[in-house]
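S.K.: For reference, the chains in residue letters:
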Amino acid sequence: MKKTFLLLLLAAYIITGYAQTAGFAPIKDEAGFRQKFTDASKKLESIKADFTQEKDLSMLSEKIVSKGVFFFKKDNKVRLEYKTPFKYLMVINGSKVMVKDNSRETKYDTHNNKIFKQINDLTVSSVQGTILNSPDFKVKVLEGGNQYLLEMVPLAKGLKEFFSTIRIFIDKKDYSVSRIEMVELSGDSTTITFSNKELNGPVDDKLFVVN
Amino acid sequence: MWLISCCAITGCNHYRNLTATPPIETIAFSPAVVTNAKYLTQFDIYGKHLSGIMLFKRTTDSTERIVFTNEMGFKFFDFEISADTFKTIYMLDRMNKPYIVNTLYRDLAMLCAPGSNHGVMFNNNGEYNLYRQQLSKNEYLYYYIPSNSSTPNKIEMGTLRKAKVVATISNDSTGEAQNIDIQHKNIKLRVRFTLIK
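Heads up: the sequence lines are chains A and B, in that order.
For the first sequence, the residue numbers in our numbering are 1 to 211.
For the second sequence, the residue numbers in our numbering are 1001 to 1197.
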């Protein structure tokens, strides 16, 4: 009986271990992290960074890789500009959104478009540190060597039907987002990795114009 | 008036020259325009616009997997098409309507042609060969293959008299489709593909 219990305990330990992202363990001082993350986010005025996006189609063993530049400016301005292998631009300025693909420019208002509102909320709240208190996610904070990890399970309708988990990796040195992984229910995932980050540098307002 | 009268007499038969020419024989050809490739894809339907990346992957000799996501990785659909079956692996809820799924399936099956590679050959006029495949009782596929190529540069879906869907294809020197433009004549739907290298 005792042996069976120990085996069950060992199995539970192994399963729990595998369920966590490799190299990360639950954070010891979560309150301290939350405070520092919120403080750093409050000081953040702007971000300029390169990004690489990988769409991983698990069943097909195929990846779609694209690259571009990301800009953020307080309070609520985001520019995501894909440069290769295709051109695609998304600009968020408050509640206004502009999307420009290969052949057309389209404008939306996040008040009328749920999907863009959720993209907007997720991006801005990650950068501004308010994601930790978002009612749209159940958030677990983990810690690794150089990064913190926010493991988020969507609770909001529209997100939970699509994503099983969203993982946000945060650099310990400056509390900036270095990677976002969005795992779909099907097992496919989209990973955006940021590099060459410039925090609080000059970022022109013209980049966020939505006429 | 003259035009209307002509149409009334001939029925504006798009394939009248073809039907006047006896078929040569039922012969094997290469109908597939796309097997393994990624395309930047734009749908324009009744004023609505949708763009993204379409991935075609031949998973067996007669099975094609087709996944369409937007540029940011948001998946719209995932289909598996084989010679005699069609499977929806994933379809975004708001797009999951039988007429949308059926139209997508027919357009995409026309391009990747996982089914028969035999057709009746017509009009070997020196410029191109035309192969006709029967889809159902009143529906046919017409593949136009230039004499100096092994891949189609135009595909039509229609009846014995008129084309309902026309796909125009620009191939490079290796026969790989660089641009594909599908236009529907009965509904306001246009789908354009540009190869991603």
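By construction, these hints were calculated from the structure, which means they are not laboratory data.
Yeah, the Cβ is synthetic: ideal placement off N, Cα and C, and Gly gets one too.
Hints may contain errors.
Not everything, but these chain B residues come out facing chain A in the computed CB check (under 8 angstroms) [unchecked claim]:
1. S1062
2. G1073
3. K1075
4. I1196
S.K.: Just to be careful: measuring from the Cβ of B/K1075 to every Cβ in chain A, is the smallest value less than 8 angstroms?
M.R.: holds, 7 angstroms
S.K.: Grab the minimum C-beta distance from B/G1073 to chain A and call the hint holds if it beats 8 angstroms, violated otherwise.
M.R.: Interface hint status for B/G1073: holds (3 angstroms vs cutoff 8 angstroms).
S.K.: Close enough to count: is the Cβ of B/S1062 nearer than 8 angstroms to one in chain A?
M.R.: Violated, about 17 angstroms.
S.K.: Answer holds if the nearest beta-carbon of chain A is closer than 8 angstroms to that of B/I1196; otherwise answer violated.
M.R.: holds, 5 angstroms
In this structure, only the earlier hint numbered 1 is contradicted, and the remaining ones agree with it.
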